[in-house]
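Visitor: Below are the chains, spelled out letter by letter.
There are 2 protein chains.
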Amino acid sequence: MHADTVSQERKRIVIIGGVACGMKAACRLRRRDPLADITVIEKGAFLSYGACGFPFYICGMVPDYKNLMDTPIGAVRDEAFFKNVKGVTALTRTAATRIDRHAKTVEVVHLETGKKENLSYDKLVLATGAVPFVPPLEGRDLRGVFSLWTMTEARAVKEFLSNTMVSQAAIVGGGLIGLEMAEALSKLGIQVSVIEKLEHIVPALLDKEYALLLTRYLESKGINIYTSDAVRKFSGSDTKMLTSLITEREEIPAQLALLSIGVRPDVTLAREAGLEIGQTGALKVTPNLQTSDPDIYAGGDCVENVHRLTRKAVYAPMGSTANKHGRVIADCIAGDDETFPGVLGTAIFKVFDYSVGRTGLSEQEAVKLGHEVMCAIVPAPDKPHFYEGARPIIIKLIAEKATGKLLGAQMVGPGDVAKRLEIAVTSLSHGGTVEELSKLDLAYAPPFAPAMDNIVTAANVLRNKLYGKSRGCSPLEVKEKLDHGDDFIFLDVRSPQEYEQMRIDHPAVKLMPLGKVRSEGQSLPMNKEIIVSCKSSLRAYEAQLMLQAQGFTNVRFMDGGILAWPFELKTGS
Amino acid sequence: MHADTVSQERKRIVIIGGVACGMKAACRLRRRDPLADITVIEKGAFLSYGACGFPFYICGMVPDYKNLMDTPIGAVRDEAFFKNVKGVTALTRTAATRIDRHAKTVEVVHLETGKKENLSYDKLVLATGAVPFVPPLEGRDLRGVFSLWTMTEARAVKEFLSNTMVSQAAIVGGGLIGLEMAEALSKLGIQVSVIEKLEHIVPALLDKEYALLLTRYLESKGINIYTSDAVRKFSGSDTKMLTSLITEREEIPAQLALLSIGVRPDVTLAREAGLEIGQTGALKVTPNLQTSDPDIYAGGDCVENVHRLTRKAVYAPMGSTANKHGRVIADCIAGDDETFPGVLGTAIFKVFDYSVGRTGLSEQEAVKLGHEVMCAIVPAPDKPHFYEGARPIIIKLIAEKATGKLLGAQMVGPGDVAKRLEIAVTSLSHGGTVEELSKLDLAYAPPFAPAMDNIVTAANVLRNKLYGKSRGCSPLEVKEKLDHGDDFIFLDVRSPQEYEQMRIDHPAVKLMPLGKVRSEGQSLPMNKEIIVSCKSSLRAYEAQLMLQAQGFTNVRFMDGGILAWPFELKTGS
Numbered sequence: 009m010h011a012d013t014v015s016q017e018r019k020r021i022v023i024i025g026g027v028a029c030g031m032k033a034a035c036r037l038r039r040r041d042p043l044a045d046i047t048v049i050e051k052g053a054f055l056s057y058g059a060c061g062f063p064f065y066i067c068g069m070v071p072d073y074k075n076l077m078d079t080p081i082g083a084v085r086d087e088a089f090f091k092n093v094k095g096v097t098a099l100t101r102t103a104a105t106r107i108d109r110h111a112k113t114v115e116v117v118h119l120e121t122g123k124k125e126n127l128s129y130d131k132l133v134l135a136t137g138a139v140p141f142v143p144p145l146e147g148r149d150l151r152g153v154f155s156l157w158t159m160t161e162a163r164a165v166k167e168f169l170s171n172t173m174v175s176q177a178a179i180v181g182g183g184l185i186g187l188e189m190a191e192a193l194s195k196l197g198i199q200v201s202v203i204e205k206l207e208h209i210v211p212a213l214l215d216k217e218y219a220l221l222l223t224r225y226l227e228s229k230g231i232n233i234y235t236s237d238a239v240r241k242f243s244g245s246d247t248k249m250l251t252s253l254i255t256e257r258e259e260i261p262a263q264l265a266l267l268s269i270g271v272r273p274d275v276t277l278a279r280e281a282g283l284e285i286g287q288t289g290a291l292k293v294t295p296n297l298q299t300s301d302p303d304i305y306a307g308g309d310c311v312e313n314v315h316r317l318t319r320k321a322v323y324a325p326m327g328s329t330a331n332k333h334g335r336v337i338a339d340c341i342a343g344d345d346e347t348f349p350g351v352l353g354t355a356i357f358k359v360f361d362y363s364v365g366r367t368g369l370s371e372q373e374a375v376k377l378g379h380e381v382m383c384a385i386v387p388a389p390d391k392p393h394f395y396e397g398a399r400p401i402i403i404k405l406i407a408e409k410a411t412g413k414l415l416g417a418q419m420v421g422p423g424d425v426a427k428r429l430e431i432a433v434t435s436l437s438h439g440g441t442v443e444e445l446s447k448l449d450l451a452y453a454p455p456f457a458p459a460m461d462n463i464v465t466a467a468n469v470l471r472n473k474l475y476g477k478s479r480g481c482s483p484l485e486v487k488e489k490l491d492h493g494d495d496f497i498f499l500d501v502r503s504p505q506e507y508e509q510m511r512i513d514h515p516a517v518k519l520m521p522l523g524k525v526r527s528e529g530q531s532l533p534m535n536k537e538i539i540v541s542c543k544s545s546l547r548a549y550e551a552q553l554m555l556q557a558q559g560f561t562n563v564r565f566m567d568g569g570i571l572a573w574p575f576e577l578k579t580g581s
Numbered sequence: 009m010h011a012d013t014v015s016q017e018r019k020r021i022v023i024i025g026g027v028a029c030g031m032k033a034a035c036r037l038r039r040r041d042p043l044a045d046i047t048v049i050e051k052g053a054f055l056s057y058g059a060c061g062f063p064f065y066i067c068g069m070v071p072d073y074k075n076l077m078d079t080p081i082g083a084v085r086d087e088a089f090f091k092n093v094k095g096v097t098a099l100t101r102t103a104a105t106r107i108d109r110h111a112k113t114v115e116v117v118h119l120e121t122g123k124k125e126n127l128s129y130d131k132l133v134l135a136t137g138a139v140p141f142v143p144p145l146e147g148r149d150l151r152g153v154f155s156l157w158t159m160t161e162a163r164a165v166k167e168f169l170s171n172t173m174v175s176q177a178a179i180v181g182g183g184l185i186g187l188e189m190a191e192a193l194s195k196l197g198i199q200v201s202v203i204e205k206l207e208h209i210v211p212a213l214l215d216k217e218y219a220l221l222l223t224r225y226l227e228s229k230g231i232n233i234y235t236s237d238a239v240r241k242f243s244g245s246d247t248k249m250l251t252s253l254i255t256e257r258e259e260i261p262a263q264l265a266l267l268s269i270g271v272r273p274d275v276t277l278a279r280e281a282g283l284e285i286g287q288t289g290a291l292k293v294t295p296n297l298q299t300s301d302p303d304i305y306a307g308g309d310c311v312e313n314v315h316r317l318t319r320k321a322v323y324a325p326m327g328s329t330a331n332k333h334g335r336v337i338a339d340c341i342a343g344d345d346e347t348f349p350g351v352l353g354t355a356i357f358k359v360f361d362y363s364v365g366r367t368g369l370s371e372q373e374a375v376k377l378g379h380e381v382m383c384a385i386v387p388a389p390d391k392p393h394f395y396e397g398a399r400p401i402i403i404k405l406i407a408e409k410a411t412g413k414l415l416g417a418q419m420v421g422p423g424d425v426a427k428r429l430e431i432a433v434t435s436l437s438h439g440g441t442v443e444e445l446s447k448l449d450l451a452y453a454p455p456f457a458p459a460m461d462n463i464v465t466a467a468n469v470l471r472n473k474l475y476g477k478s479r480g481c482s483p484l485e486v487k488e489k490l491d492h493g494d495d496f497i498f499l500d501v502r503s504p505q506e507y508e509q510m511r512i513d514h515p516a517v518k519l520m521p522l523g524k525v526r527s528e529g530q531s532l533p534m535n536k537e538i539i540v541s542c543k544s545s546l547r548a549y550e551a552q553l554m555l556q557a558q559g560f561t562n563v564r565f566m567d568g569g570i571l572a573w574p575f576e577l578k579t580g581s
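Protein chains in written order, with my numbering: chain G, 9 to 581; chain B, 9 to 581.
One or more of the hints may lead you astray.
Remember, identical chains collapse to one label, so a pair may be satisfied in a single copy or spanning two.
[Said to hold, decoys possible] No farther apart than 30 Å at their CA atoms in a straight line, the calculated lysine-lysine pairs in the DSS-like style are these:
hint	residue 1	residue 2
1	Lys391	Lys229
2	Lys292	Lys376
3	Lys391	Lys166
4	Lys320	Lys413
5	Lys518	Lys489
6	Lys391	Lys74
7	Lys124	Lys518
Rather than coming from a laboratory, the hints here were simulated on the basis of the structure.
With these hints in hand, go ahead and build the complete structure from the sequences.
Guide: See the structure below:
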């Protein structure tokens, strides 16, 4: 069978968007259908780049923007590469301006020449991505104010940094990308401020105590964090250069401001074509990733996804999801009944030496959805303490109280967070329980994990709570009790040496090392509430059991101990 | 309720074995039952140590053997610690010599004094562990010949190394612990040889091509590997010092020999007490970890486990499993119906810069069990290639052909193997399929993973094969065809530059870069079998599809490409 003899039967596929989902769909489709006529339209100048690599390009780790478009063997993914190697026609600087669903054509404009053209399709793929949200603030067009979403913008920021003396920068929006950029700029020797409108940073991903732990860490790295504050305007010099940001409470001097307050799905074309838009504002698609027009597929950052736990639509743009979408779309166009099962809202990022990850529902989200939840917060080294390079991580697990089903996980620390996060992701995907999690035959050797892996221990701590064998108290609740001056004993059962080194400084705190709780516990007042704390919460839990055995009925341990305490600690004597 | 008032009702618990399972059971039971009388009998001098840390103690990373018994805050876990902090009586240098199940007593001997004593129990826990297998070879008692299983042995080896000039060492047995020790000794500047009786190293864990990949790596690190060879005797000097090992084929000079040919469950006491021993030679236990006597529990290295996939009994001693056993036993004694679900045969180890992991069934095991399997071998960097420190890993997935169910995984390489292994472990535990694996919402950011994680790509490669969209050929089969002089075209579709750098040197190899396959493929003979290879197998797979589209019907790609080729490669021109 020769290509020429069947040219009239060739499927014509037009794909709008040539970064992640679009290019994946194109290449996969070429492999599935060697004869199809595949055209990718990309309004930008660049194809198939790793937008998640921008912070590493800005800070200089990635020396050239072209590295973000290389294949692993160093070939640049440009139009010629896609033509010669992949057999795909890719048109850059070409914008799709109108879809005629009746005629099955897409009107495109070649941006360099202004020339218009109509492309016919049998199947159309929308991979139009997202656009950064830009608030309509005064001074938005000053030099030094940037969004950072496309390769063109990334190159513009890089150029600005090399041509301009930037000693202070502000990141507007304390989300994942904002924090990655904060680190990148800080590594260039720039003093960085982060401004977040909501009560804590990373509000879409992390529970409050995790955001506060991260805030404390970032502040220790010299980043200024302003929360519950919003930018009112950008101030500039006579030469139209940014000089400061005026917020509701501050004036923050900055020569560079990066807007990182989220993105919106780019659905203009789809909306104009009458395709159904979901409640999230993104395109609604079937599990086969078909839009409301069965000849039009859509994937990547312009569509909404089903949350695998709640079955509700969510907008969770991710490069990893976009690539998976591209593959599903290609397989469906090739005739398979391939489906995309949805997302868990998994996210991970690295700032300085900390890794931060989350998946499933946060405690806050779970409560809002009506779940009665129970959580555990468990800090521990990620390897046996005797092994070189063991570093702590703090795992929070969130479970449904009645069923013991895992609902979500959050993790932070300098240790190996990613591995434990993927265990939680895989468990959640299979509807796993905390008990199942605690009994996984995980891989043990000292270079990789303690004999009881951190997530196994965290699951066991949570099982103790779920089964009523222990009673915990979140650090947020303890902080509230301390602030309100509640009458309780905050019993620290660490050694006097540990206490001297680092402690929560409050009159309610009483030191009684664990070794004495068994013998001297009776000296504590029976009628007062006792909350026990230690370094990680293991000794506090043991003390709780000892005190209960001595007849105390109102004892709890503080989740996560000093290591997970997200507020100020006093060090030294 | 005061402890004294109920002393006559106190449960008496005797635990034989004070390392992993035994001590975990004791401490957990103390937390579950504040009143129980808990006595641990340990015939060795040390309690609760991390035996998996011995290689790191031998090589000097762990400076003191006591570090292997510390708690994370530096308290040594000795008899006083267990008494004061945990409320557990631990007797070291005390051997259990007889169990009287009728009288419910254990006869013990205090080894220092020779004094005998009978301990009564309500519940007895056997955590007697394992003993290293020592072959009855001539010269076994020469100075310099050691097993390395207990802390006492580890200290003896360490002392021997500091008192004796050891320039050459031999490891008898090429399993996981043997290889860890090979690295430890090599780091001390010692020339190390490993002698393995079977056809390849790590025979109990790895498929042949993985063992060969590892062999090539270890040889590049200066380790001598002898396979299909067995030690006949140890030769010594007049002063009874080891001088060499005589094998079936070699004389290997060595001043130190470590026997690492496996361990046997220590079931002497249990057998004498008439408890049921399983087919594996280890103690048979119920899911509650009860032996055939319901008042006697057993866990850790002396019991057999159910394999979670095959439901067959296996002997798979592991520190991680022993700890989990201890917790289940304590909970059952405390009155819960707690169960242990079995193991997957998960194992991981690090040698030099390579991590090596496996879980579930190997291809060989699966075939032996009658499964019709399909495998994929997929090498790729563990992070986007543009990210600093991206390092390759090679993932092998093994699936059941008819159902697409994942059966096992093997992974090797300098990159982050552990994370992907845990994903496979969790998936296998939930009966996951390769399709489910390919659609997990794993955590993506450049410091942690490529947008399509390695295991997602591996799952997709395997799905292509399972659904007949591609046809692979294992490197072992290719090697056989080359060795037998089969008439086929071994088409290398990499660039000429890559070919010059490194290639399989054989007359059957023909170079045709992928970019030319579409246009020049027709020049290949239609009637010959074609096997396509490239660096990782992605381009080879694309070439296979291109050639099929041109009418070729007998084309396969070689699994894993050059990166996973476990035999010799020619470098340079």
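Visitor: Taking each numbered hint in turn, which are not upheld by the structure, reported in ascending numerical order?
Guide: Hint 7 alone not satisfied by this model.
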